[in-house]
Amino acid sequence: DAKTTQPNSMESNEEEPVHLPCNHSTISGTDYIHWYRQLPSQGPEYVIHGLTSNVNNRMASLAIAEDRKSSTLILHRATLRDAAVYYCTAQRRAGGTSYGKLTFGQGTILTVHP
Amino acid sequence: GAVVSQHPSWVICKSGTSVKIECRSLDFQATTMFWYRQFPKQSLMLMATSNEGSKATYEQGVEKDKFLINHASLTLSTLTVTSAHPEDSSFYICSGTWGLGYTEAFFGQGTRLTVV
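Line by line, the protein sequences give chains A and B.
Residue numbering for the first sequence follows my numbering, beginning at 1 and increasing consecutively.
Residue numbering for the second sequence follows my numbering, beginning at 1 and increasing consecutively.
None of these hints come from the bench; they were simulated from the model.
There may be inaccurate statements among the hints.
Some, not all, of what chain A presents toward chain B, calculated at C-beta under 10 angstroms [as the list claims (entries may be wrong)]: (1) Y36; (2) Q42; (3) V47; (4) I74; (5) K101.
No experiment lies behind these values; they were computed from the predicted model shown.
Using N, Cα and C, we set each Cβ at its ideal position, and we do this for glycine too.
So that you can see chain B by itself, here it is in the shape it has in the complex:
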């Protein structure tokens, strides 16, 4: 399957600082990228959907000013957690799809964020 690379794999930051997570599709053009958050022993929760060159569409309850998503090219999307707090500590996962509508999603390996 296609490869999505997420960086960093883990990060520890101080409360109040911002953290950027990168998601790259290595061997395909990801027309749409998705960002998920997963708490321990829970399922993935979709945060937002982004299309290249467009503003992201956020799920209900997700603060767009806190979780900044940029999808500047067909191979790169970034998630910036601004003014991070301990409750933002979680496992963040991106995925990319290509084409229109019904295609499989390819996921990054995830980023473990710990805010201290």
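Just chain A, with the same shape it has in the complex:
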């Protein structure tokens, strides 16, 4: 399984952009990069995923390096509700019974200041 490495914590001010980095140097060519976030005592929430091209959705943007060894989750205007633990994961398409398996790293605790 691909290993992901993220900073332990980051801070931002409200309404400013936030760039959350992730290294995944052991990723294989068929692994997708997923981002999830988790609030205390809740299950993770899907944020975004992609393979090679940059991706945008209503929550965030995902910028994937050309060599796919790293990616950056971009929150364009942070709000207090964006404060959470953000996990970058690699989704490996395994055969048989392991479709869509996600392995979580330690994540980044994002603090947003008013």
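Given the structure of chain A, go ahead and fit chain B onto it with the hints provided.
Just chain B, lined up with the frame of chain A:
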């Protein structure tokens, strides 16, 4: 996004008893469900992967006889912690995906298990 409902949200049980946790996909058919365990201030640790109608695939180090997983339908998976001990106290989270391969996972709200 799709909804996964997990029940109960929290449970307290006595050491030596068994506890069942249910995970339901409410508005999609979850071809694959995953069970995770999370200790305080730690990341999610994948326990097992299950496909509807098949035996679960357990991660290395997870006791299959202790953590029984059943995925009898495309909308329901259960995790039974048998003969629970205090060290089994943790936050258990399920997730479901649909389709083949690369789709987002939808997570339940988690179950806080405390074994006394």
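Tested hints:
no.: 1; hint: Y36; verdict: holds, 8 angstroms
no.: 2; hint: Q42; verdict: holds, 6 angstroms
no.: 3; hint: V47; verdict: holds, 9 angstroms
no.: 4; hint: I74; verdict: violated, 18 angstroms
no.: 5; hint: K101; verdict: holds, 6 angstroms
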